[in-house]
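Colleague: Can you make the complete structure from the sequences, with help from the hints?
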Amino acid sequence: MEKFGLRWMNECQAVYANKWISHTIACNVKVLNLKVRFPAKARDFGDSLVHLPGTLFTCEKLEFLRFYDNESFPETEELKIHAPALEDLRLTDNVSRKFSLEGLTSLRDVSLDLCHTKRYEQANYGNIVVKQVQAMDCVKVLTLSYRTTVALNSATTKLAGGFENLTKLYIQIYCCRWSVLKDLLGCFMKLELLDIKKILCANSEHRACWSEPTNVPKCMVHSLVHVSLHGFEGFNDEVELTRYVLKHGLAMKRINICCFSHRCDLKKKFRILQKIAMFPRVSPPVKSTFLEMNLMAWLIHLLDALRCNFEDSQPFGFSLSKTG
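Using numbering that gives the first Met the number 0, the letters of the sequence shown map in sequence onto residues 0 to 323.
Keep in mind that the hints were calculated from the coordinates and are not lab data. Just so you know, even glycine gets a beta-carbon here, dropped at the ideal spot from N, CA and C. Careful, some of the hints might be misleading.
To be verified - Ranges of calculated distance between the beta carbons of each label pair, as one might list FRET restraints: (1) 22 to 130: 30 to 36 Å; (2) 169 to 101: 23 to 29 Å; (3) 209 to 27: 43 to 49 Å; (4) 32 to 239: 40 to 46 Å.
What the hints assert, rightly or not - With a Cα cut of at most 30 Å, we get these calculated DSSO-like pairs of lysine-lysine: (5) 79 to 130; (6) 189 to 266; (7) 157 to 139; (8) 97 to 181; (9) 2 to 60; (10) 139 to 167.
Modeller: What follows is the structure, given as structure tokens:
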């Protein structure tokens with residue numbers, strides 16, 4: 000069997016789901032996509048939980064696994080995965096207390112959303128998540144949800160490096176927890192693309208949390224060519240991060256800055272561009288800066304403003320693109 004997907008959100012009887020999954024694994028499936036959710040009232044009964052067969056995580060021919068772990072699966076002491084052929088892993092898990100990853104030597108693309116409902120801000124759970132990410136040091140593309148970065152930020156241990164193949168990092172970060180970014184940049188020495196999506200805090204109160212690393216990360220000097228920052232609002236730490244990237248990004252070719260249209264008016268966006276345009280840059284002139292906004296009117300006004308304000312200033316390469 001090449002592919003099997005199970006997406007059952009209502010009135011699912013666990014006994015059938017268990018049989019289908021077990022039969023699929025027995026057929027040496029290569030691509031498996033699981034998303035099962037029961038009504039809340041049904042989760043009170045032990046027989047309404049999906050029990051994944053142990054062979055799921057030792058299937059030698061499994062190449063792609065997307066696994067949405069939620070209340071429909073029993074809370075587990077440890078999630079173990081041993082699948083040497085697995086290349087692509089999408090894991091959302093909020094019930095496992097521990098993880099054990101072995102023999103995942105073929106992994107290339109990993110997306111992690113790890114958040115034990117009661118533990119994800121505790122240091123010991125954060126240390127477990129650090130160990131989980133470290134075990135995937137052979138990946139080329141890594142995506143971390145904001146809940147995963149909260150756990151990493153809560154850890155007392157740090158990643159030890161060794162990610163020799165990693166070139167692309169997609170990361171979500173709460174607006175007040177950017178300190179984890181410094182640790183990640185220091186570990187990913189061959190990073191080429193960094194895509195940051197800022198998640199607004201629940202209380203919508205912003206606290207500065209960016210500070211420059213003690214040493215300039217090697218990826219900034221040798222390999223990082225493309226940085227995107229989504230949710231930019233012009234706060235000091237966001238501006239300072241941009242300044243830092245432009246100052247030390249010797250290989251930089253492009254930086255994308257995407258603002259929240261509902262939180263940044265036209266004047267504020269223009270002030271942001273003025274400030275960024277004046278930052279010193281160390282990379283060659285071919286580097287371009289993109290400001291992506293949502294309104295065509297903003298583009299028209301910005302072009303007029305640029306024509307008036309930058310006419311006599313030093314050359315500054317940039318492009319504009321419309322999103323949404």
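Colleague: Each hint needs a verdict: does it hold in this structure or not?
Modeller: Here's how the hints hold up against the structure:
1. Between residue 22 and residue 130 the CB atoms are about 33 Å apart, so this pair conforms to the stated range of 30 to 36 Å.
2. For residue 169 paired with residue 101, a C-beta distance near 25 Å keeps the hint of 23 to 29 Å intact.
3. For the hinted restraint 43 to 49 Å between residue 209 and residue 27, the CB-CB distance of approximately 48 Å keeps it satisfied.
4. For residue 32 and residue 239, the Cβ-Cβ distance of about 41 Å falls inside the hinted range of 40 to 46 Å, so the restraint holds.
5. Among the hinted pairs, residue 79 with residue 130 is consistent with the structure: their alpha-carbon atoms are about 13 Å apart, no more than 30 Å.
6. With a C-alpha separation of about 38 Å, the suggested pair residue 189 and residue 266 falls outside the 30 Å cut-off, and the hint is violated.
7. At most 30 Å may separate the alpha-carbon atoms for a hinted pair to count; residue 157 and residue 139 meet this at roughly 20 Å.
8. Between the alpha carbons of residue 97 and residue 181 the distance comes to roughly 25 Å, so the proposed pair stays at or under 30 Å and holds.
9. About 12 Å separates the Cα atoms of residue 2 and residue 60, which keeps this hinted pair within 30 Å; it holds.
10. Proposed proximity of residue 139 and residue 167 is supported: the alpha carbons are some 7 Å apart, at most 30 Å.
When each numbered hint is compared with the structure, a violation occurs for hint 6 only.
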